[in-house]
Amino acid sequence: MKLFDRLLHHDDLQAQFWRTDFPILKTRVQGKPLVYLDNAATTQKPLAVIEAESEYYGNYNANVHRGVHALSARATEAYEDARAKVQRFVNAASSDEIVFVRGTTEAINLVAQSYGRSRLQAGDEIILSQMEHHSNIVPWQMLCQQTGARLRIIPVNDQGELQLGIYEALLNERTRLVAVTHVSNALGTINPVKSIVELAHRRGVPVLLDGAQAIAHVPVDVQALDCDFYAFSAHKLYGPTGVGVLYGKMALLEAMPAYQGGGDMIRSVSFEETTYNTVPYKFEAGTPNIAGVIGLGVAVDYVGSIGFEALVSHEQALLSYATPLLADVPGLRIIGNAREKTGILSFVLEGVHPHDIGTILDGEGVAIRAGHHCTMPLMERFGVAATARASFALYNTRLEADALVAAVYKVREVFKP
Amino acid sequence: MTDLRELYQETILDHYRQPRNTGRLDDANRTAEGYNPLCGDKVTLYLKVEEGVIRDARFEGSGCAIATASASLMTESIKGKREDEALRLLEKIHGMVTGGGQTGDVGKLAVLAGVHEFPQRVKCATLAWHTMKAALENVGEPVTTE
Chain S
80 MKLFDRLLHH DDLQAQFWRT DFPILKTRVQ GKPLVYLDNA ATTQKPLAVI
130 EAESEYYGNY NANVHRGVHA LSARATEAYE DARAKVQRFV NAASSDEIVF
180 VRGTTEAINL VAQSYGRSRL QAGDEIILSQ MEHHSNIVPW QMLCQQTGAR
230 LRIIPVNDQG ELQLGIYEAL LNERTRLVAV THVSNALGTI NPVKSIVELA
280 HRRGVPVLLD GAQAIAHVPV DVQALDCDFY AFSAHKLYGP TGVGVLYGKM
330 ALLEAMPAYQ GGGDMIRSVS FEETTYNTVP YKFEAGTPNI AGVIGLGVAV
380 DYVGSIGFEA LVSHEQALLS YATPLLADVP GLRIIGNARE KTGILSFVLE
430 GVHPHDIGTI LDGEGVAIRA GHHCTMPLME RFGVAATARA SFALYNTRLE
480 ADALVAAVYK VREVFKP
Chain H
2 MTDLRELYQE TILDHYRQPR NTGRLDDANR TAEGYNPLCG DKVTLYLKVE
52 EGVIRDARFE GSGCAIATAS ASLMTESIKG KREDEALRLL EKIHGMVTGG
102 GQTGDVGKLA VLAGVHEFPQ RVKCATLAWH TMKAALENVG EPVTTE
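Protein sequence lines, in the order shown, are assigned to chains S and H.
If you read the first sequence in the numbering used here, its first letter stands for residue 80, the second for the next number, and so on.
If you read the second sequence in the numbering used here, its first letter stands for residue 2, the second for the next number, and so on.
Simulated from the structure, these hints should not be mistaken for laboratory data.
Just so it is clear, the structure is predicted and the values come from calculations on it, not from any experiment.
Where hints are given, some of them may not hold.
[Said to hold, decoys possible] Negatives, chain S to chain H, calculated, CB over 10 angstroms: (1) LYS105; (2) ARG196; (3) GLN200; (4) ARG253; (5) TYR355; (6) THR366; (7) VAL382; (8) VAL431; (9) THR438; (10) GLY450; (11) VAL493.
[As the list claims (entries may be wrong)] Capping the alpha-carbon separation at 20 angstroms, the derived lysine to any residue pairs in SDA-like fashion look like this: (12) LYS111(S) x LYS93(H); (13) LYS82(H) x GLU92(H); (14) LYS495(S) x ASP85(H); (15) LYS495(S) x LYS134(H); (16) LYS134(H) x ASP15(H); (17) LYS80(H) x GLY100(H); (18) LYS111(S) x GLU118(H); (19) LYS489(S) x LYS43(H); (20) LYS328(S) x ASN356(S); (21) LYS43(H) x ARG460(S); (22) LYS495(S) x ASP4(H); (23) LYS93(H) x LYS134(H); (24) LYS489(S) x ASP4(H); (25) LYS49(H) x GLU138(H); (26) LYS43(H) x GLU459(S); (27) LYS164(S) x ARG153(S); (28) LYS105(S) x LEU478(S); (29) LYS43(H) x ARG153(S); (30) LYS495(S) x ARG18(H); (31) LYS489(S) x PHE119(H).
[Said to hold, decoys possible] What follows is a set of in silico ranges between Cβ atoms, one per label pair, in the way DEER data are often shown: (32) PRO38(H) x GLY227(S): 23 to 33 angstroms; (33) GLN95(S) x VAL123(H): 55 to 65 angstroms; (34) ALA406(S) x GLY105(H): 10 to 20 angstroms; (35) THR366(S) x GLN121(H): 47 to 57 angstroms.
C-beta: ideal position from N, C-alpha, C; glycine also.
Please work from the sequences and hints to get the whole structure.
Now the structure itself:
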């Protein structure tokens with residue numbers, strides 16, 4: 080009866096329905112059904128997104144913002160439509176506050192090099208946290224080398240939560256910027272970003288939120304958060320790779336110098352002087368990833384059609400189901416037990432390196448990530464070189480969580496003393 | 002599972018659980034560090050080379066089963082070999098794990114052949130060997146698999 084119960088579980092039925100939107104989920108790996116649990120690395124794409132890219136290339140491929148011809152007009156309309164969709168998705172005040180970039184990494188680099196480099200000087204401080212992805216560390220280190228500013232780090236407690244008391248103490252008159260992740264890619268921790276922003280704003284310090292891992296798993300309202308910048312990638316939101324978004328408050332974006340020079344970001348060019356285009360075009364030099372942006376617009380529609388209420392409730396139920404099953408495996412330790420978590424299970428198994436876990440799980444058709452997850456300072460904090468990480472998305476089911484746990488038992492079997 | 006059994010053979014697991022020749026070698030005259038940035042595997046290799054012959058070999062480090070077993074098996078097999086023999090063995094091992102998995106005349110090291118079915122794990126298997134080459138060539142910089 081247990082299996083029957085599970086099959087009939089409402090959540091799984093819903094997820095089974097959503098699964099049919101994703102062609103890749105029919106794939107078999109090593110002769111077994113694919114159990115894709117590497118969603119924190121990248122999510123799979125629904126057919127609508129795949130078709131939107133193909134339709135652009137097949138039917139109206141043209142450059143945007145230039146041509147007078149019909150195809151260019153259609154491409155421009157689709158491109159700008161996507162901007163409006165993203166604006167509504169994150170509830171920005173204006174679609175001009177949505178800058179299309181290559182991904183979260185480029186968005187953060189843009190803020191570091193444009194906003195940061197023009198405003199920071201020696202002795203200034205930037206606050207990051209111990210759980211940042213390398214892409215929210217290295218751009219700031221580069222900025223520090225250029226300006227003489229320095230980094231201050233909010234530590235993480237044993238559960239994998241930020242120590243807010245220490246954050247408050249780190250904020251001082253030298254603080255110029257706070258850059259923290261909304262959700263930890265390695266632990267799943269959902270950070271109290273609203274309080275983080277509020278505390279920084281009390282001192283007039285702007286805040287950048289790295290939303291790469293949050294965007295598909297928690298509702299984001301940039302006006303409610305009152306963050307100054309919000310960065311995310313399309314490919315972790317069921318959209319294409321190579322495109323992402325920088326949201327910035329209009330006043331900040333307008334005051335920032337251009338990031339890259341080129342076409343589309345200018346109003347007029349002569350050899351003596353160039354005047355720049357308005358925001359957001361000032362930051363979109365060169366022909367953008369048009370197909371990617373259109374695909375992102377469709378991905379946003381897709382997630383919108385499911386709605387965050389259903390999506391979050393499903394992923395939370397799955398996390399609650401899988402956590403104790405995994406924690407029950409002898410010798411297994413889950414890294415990251417924050418009270419507020421998205422569907423990420425990072426773990427280590429006594430006597431087995433995460434890489435070997437990854438290989439054996441792959442043999443069972445179960446795709447997870449093994450490694451440091453581009454968070455080496457965080458791994459050091461927990462005294463591990465790497466972890467194995469299973470991360471859920473809306474299309475994962477309890478049966479897949481069972482497959483994960485069964486595969487982990489198989490790892491133990493292979494490595495039994 | 003067949004390929005997995007090929008990969009995680011008993012000898013591999015044995016050398017992972019109880020690696021041979023570990024720890025510092027105080028009278029080493031050639032050392033090198035190897036690092037695989039992908040998975041964080043690290044190995045420090047100590048060699049004592051006299052008149053072109055590897056008299057002793059030890060390693061320190063942390064890594065996956067494949068990386069650890071490969072380092073352990075390597076230290077066993079290069080002891081007593083001339084430098085050029087050890088380097089030729091490296092070529093054979095490299096060919097075995099990147100090519101068709103033919104074991105040829107590598108003796109006990111044939112247990113590493115299963116790696117050829119797992120391209121993502123080749124760097125784990127070859128880390129110690131590249132480090133040996135660096136040690137013999139006395140490269141000061143840590144070698145990486147990238």
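- List, from low to high, the hint numbers that the structure doesn't satisfy. 8, 9, 10, 11, 12, 14, 15, 16, 17, 19, 29, 33, 34 and 35
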